[in-house]
Amino acid sequence: MSSLTEKDRPIVQLLLNSGTCPRCILRFCCVGSQALYRHPYKDLMKDLKEFLKNNQEKEDTVCSDVVDPPCKRIRLEPTEEGPDDLNHNGALQQIPSVNDENTATENSAVKVCNVCLGILQEFCEVDFVKKVCQKVNSSDYQFTSFVFSVSLPPQLSVRERAAWLLVKQEMGNLGLSLAKDDIVQLKEAYKWIIHPQLSEELGVPADGKSLFEVSVVFAHPETDEECHFLATACPDCFKPAKNKQSVFTRMAVIKALEKIKEEDFLKHFPCPPSSPQNLCVALEIQCNNGAVFVAGRYNKYSRNLPQTPWIIDGERKLESSVEELISEHLMAEFKADSFNFSSSGREDVDVRTLGNGRPFAIELVNPRRIHFTAEEMKGLQQTINNSSDKIQVRDLQLVTREAIGRMKEGEEEKTKTYSALIWTDKAIQKEDIAFLDDIKELKLDQKTPLRVLHRRPLAVRCRIIHTMKSEYIDEHHFRLHLKTQAGTYIKEFVHGDFGRTKPNIGSLLNRTTDILELDVEVSCLLFIFLWN
Amino acid sequence: MAAAGGAERYFTRWYKPDVKGRPCEDFCVLQHSNRICVITLAEAHPLLQSGKTIKSINYQISANCSRLQNKVSGKSKRGAQFLTELAPLCRISSSDGEEYTIYSCIRGRLIEVNENILSNPAILQEKPSTEGYIAVVLPKFEESKSITQGLLTQKEYEEVLLKRLNSSS
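Heads up: the protein sequence lines correspond to chains A and B, in order. 298 is the number that the numbering used here gives to position 298 of the first sequence; each next residue is one higher, with no gaps. Adding 532 to a residue's 1-based position in the second sequence gives its number in the numbering used here.
The hints are simulated quantities; they were obtained by calculation from the structure and are not laboratory data. Just so it is clear, CB atoms sit at the ideal spot from N, CA and C, and this is done for glycine as well. Hints may contain errors.
Taking lysine to aspartate or glutamate pairs in the EDC-like style, the calculated list, with each CA pair at most 20 Å apart, reads [said to hold, decoys possible]: (1) A:Lys502 <-> B:Glu631; (2) A:Lys447 <-> B:Glu647; (3) B:Lys672 <-> B:Glu630; (4) A:Lys255 <-> A:Asp236; (5) B:Lys677 <-> A:Glu328; (6) A:Lys469 <-> A:Glu431; (7) A:Lys378 <-> A:Glu363; (8) A:Lys255 <-> A:Glu284; (9) B:Lys659 <-> A:Asp425; (10) A:Lys469 <-> A:Asp519; (11) A:Lys187 <-> A:Glu262; (12) A:Lys187 <-> A:Asp236; (13) A:Lys483 <-> A:Asp519; (14) A:Lys255 <-> A:Asp181; (15) A:Lys491 <-> A:Asp437; (16) B:Lys587 <-> B:Glu617; (17) A:Lys135 <-> A:Glu284; (18) A:Lys502 <-> B:Glu647; (19) A:Lys390 <-> A:Asp519; (20) A:Lys491 <-> A:Glu431; (21) B:Lys603 <-> A:Asp445; (22) A:Lys378 <-> A:Glu431; (23) A:Lys426 <-> B:Glu658; (24) A:Lys502 <-> A:Asp438; (25) B:Lys672 <-> B:Glu617; (26) B:Lys672 <-> A:Asp313; (27) B:Lys677 <-> A:Glu315.
Simulated coverage check for chain A against chain B, where a stretch passes if three residues somewhere in it have a Cβ under 8 Å from a Cβ of chain B [said to hold, decoys possible]: (28) 285-296; (29) 490-502.
Take the sequences, apply the hints, and build the full model.
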């Protein structure tokens, strides 16, 4: 064990005696060589014991030979108690197979580490790795890298603290110091060991930025109550929160450990920590893929289709919705858990969307499939368009999360183009509506329409009708094409909303008017840059 | 296609006749499917009969309370004056010396009173069911269905009108 030096010996001896596993011992000796932690458990144990014997030998003999000749090994008796030795007899056989046999029987009686509770022992072994990979493979995800996140029980922080205090004290006796930050973190060492194994088994690299997350939650019920003493010492760290089961969360425990005085800690918690009976358990192994975003534009040809499902008191009032018709097929292909639909503005149930179509984006949550070629996206688009004549989509493509922000920004700047079918009570002639074509930049004052006043604040909105073009149909009907500022209530501009939109078509024509049909054409100049 | 035409297409009409025992002082409450109610004069109201001229409309209903000072904020319309069925909304005097009080007819928050009729009282008589409305009231969510219990449907009101016709002849 070339990484350890003379000054580490008392620490190694101390920790080994108290029931700490080799890897945790290396951590407290600030050994930073990742490769060393990956050595097999029994090799590490063997090497540690040798290291101790070496130094003992140095005390016994004048020989400064670092390498141990077999005869010397055999001569020495194992004097340490603690985690079981490789060989009960105290004599190490040369024949590997016999060694293995012995170690096999010994491993079954390996004591659980009093600091890591088995995380750096059992949960670094190939069996656990296989278990994790089995879960990943059976979950049928598509991924090119992974991030492995681990949730450790809070009492590990407490035990770590106790071990550090123990080591610090011992170092102090030797006139040496040990900073908490020099100790290798448990999670870090664990990832050094397990990442390469997972990577090998899954065939993809570990990447901290990966969207595919494999997460494991560890628990150790046997020692759960070890944190409780912190509540009496630092009560303000543990406030019960509504949605948390236990007050003793990892963050709360860490905060309390920062606050508590050393003397108080040592009063309530054994130092060194006691050896537990059982290992940690891996409660759940979960997989999750980061969301993917699909964007495009939609046209709406139905006058009876809401944007989102229309459900009141559990009863669906209108069949289907824009978002369901588009998302249904995407959910199936991407095999996602759920979706979030958003669009750049929206229209009423009874309004058609014509022109280039309205930009939309769908977030697909936890998709199993994430790779789609441009051809496959085209195929998806065709499937959606074949499935319904109420909506049609175009420019369907995968985009980044940022694209959605830009889509929403563009909402305010748009000029909207509408086509309205208008009815009048008193008869009209062509001449009566011709003047509308000459009105430019008409300023409106629109109070919040009565039809949305139940859920919007009362306010007056100033909006501009840029241009109008009329089309005479008969004595009681004409079509009006309008270009307006975004956010203008067209229906209210036509019928006046009890005189709360002024001026309005009714007041301009001096008649009672109503809107029979409305179509909107979304102009998408801004979005030519966003989508292909 | 457009029956009544205009903005009132999506409203249900409810009636309160002879309010406070005063004959023919009938009101019509237009209730939208979203709970919003518009208080208007019914066709039979004396103010809407031929020959009546409106002299003044006053939203100051008491020393401390002017409906014009009603201010609401936010989606839930905080700060609104709360109305009971017989809370006065305004007082209207006609040139023949008569004075009429317009009542809320329903419980709820006062959202707005129609200021257009102050500047142009004629529209109250010309278009009582649309531009000539009196006030907009938002009932409590829990009470939105029960507020119509004290009111008559169109059919029931027509029967009342019929009875009046028969009893006067």
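Here is what the structure says about each hint:
Using a Cα cut-off of 20 Å, the hinted pair Lys502 (chain A) and Glu631 (chain B) is violated, with the two alpha carbons roughly 31 Å apart. Taking the CA atoms of Lys447 (chain A) and Glu647 (chain B), the gap is near 13 Å; set against the 20 Å cutoff, the hint holds. The straight-line distance between the Cα atoms of Lys672 (chain B) and Glu630 (chain B) is roughly 34 Å, outside the 20 Å bound, and the hint therefore fails. The hinted pair formed by Lys255 (chain A) and Asp236 (chain A) meets the criterion: a straight-line CA distance of about 10 Å does not exceed 20 Å.
Proposed proximity of Lys677 (chain B) and Glu328 (chain A) is contradicted: the alpha carbons are some 36 Å apart, above 20 Å. For the hint pairing Lys469 (chain A) with Glu431 (chain A), the CA-to-CA distance comes to about 13 Å; that is within 20 Å, so the pair holds. Under the criterion of a C-alpha separation no larger than 20 Å, the hint pairing Lys378 (chain A) with Glu363 (chain A) is consistent with the structure, at around 18 Å. The hinted pair formed by Lys255 (chain A) and Glu284 (chain A) fails the criterion: a straight-line CA distance of about 26 Å is larger than 20 Å.
About 14 Å separates the Cα atoms of Lys659 (chain B) and Asp425 (chain A), which keeps this hinted pair within 20 Å; it holds. Our distance criterion of 20 Å between C-alpha atoms is met by Lys469 (chain A) and Asp519 (chain A), whose separation comes to about 14 Å. The suggested pairing of Lys187 (chain A) with Glu262 (chain A) is violated, with an alpha-carbon distance near 24 Å, which exceeds 20 Å. Our distance criterion of 20 Å between C-alpha atoms is broken by Lys187 (chain A) and Asp236 (chain A), whose separation comes to about 27 Å.
A threshold of 20 Å between alpha carbons decides the hint, and for Lys483 (chain A) with Asp519 (chain A) the separation of about 12 Å falls inside it, so the pair holds. At most 20 Å may separate the alpha-carbon atoms for a hinted pair to count; Lys255 (chain A) and Asp181 (chain A) meet this at roughly 16 Å. Between Lys491 (chain A) and Asp437 (chain A), the direct Cα distance comes to roughly 19 Å. Compliance with the 20 Å bound is thereby established for this hinted pair. The straight-line distance between the Cα atoms of Lys587 (chain B) and Glu617 (chain B) is roughly 26 Å, outside the 20 Å bound, and the hint therefore fails.
About 10 Å separates the Cα atoms of Lys135 (chain A) and Glu284 (chain A), which keeps this hinted pair within 20 Å; it holds. Taken as a hint, the Lys502 (chain A) and Glu647 (chain B) pair is honoured in the structure, with Cα atoms around 13 Å apart against an allowance of 20 Å. A distance of roughly 14 Å separates the Cα atoms of Lys390 (chain A) and Asp519 (chain A); the hinted pair therefore holds under the 20 Å criterion. Proximity of Lys491 (chain A) to Glu431 (chain A) is assessed by CA-CA distance (about 23 Å); at most 20 Å being required, the pair is judged violated.
Pair hint Lys603 (chain B) plus Asp445 (chain A) holds up; C-alpha atoms about 19 Å apart against a cutoff of 20 Å. With a C-alpha separation of about 50 Å, the suggested pairing of Lys378 (chain A) with Glu431 (chain A) is violated against the 20 Å cut-off. Between the alpha carbons of Lys426 (chain A) and Glu658 (chain B) the distance comes to roughly 15 Å, so the proposed pair stays at or under 20 Å and holds. Of the pairs offered as hints, the one joining Lys502 (chain A) and Asp438 (chain A) holds, with about 18 Å between alpha carbons and a cut-off of 20 Å not exceeded.
At most 20 Å may separate the alpha-carbon atoms for a hinted pair to count; Lys672 (chain B) and Glu617 (chain B) meet this at roughly 13 Å. Between Lys672 (chain B) and Asp313 (chain A) the alpha-carbon distance is near 17 Å, which keeps this suggested pair within the 20 Å criterion. As the CA atoms of Lys677 (chain B) and Glu315 (chain A) are separated by approximately 18 Å, the hinted pair is consistent with the 20 Å bound. A count of 0 residues in the segment 285-296 of chain A with a Cβ less than 8 Å from any Cβ of chain B is obtained; the coverage claim is therefore unmet, three being the minimum.
Residue count for the segment 490-502 of chain A with a Cβ under 8 Å from a Cβ of chain B: 6. That meets the three needed, and the coverage hint holds.
Of the numbered hints given earlier, the model fails hints 1, 3, 5, 8, 11, 12, 16, 20, 22 and 28; all others are met.
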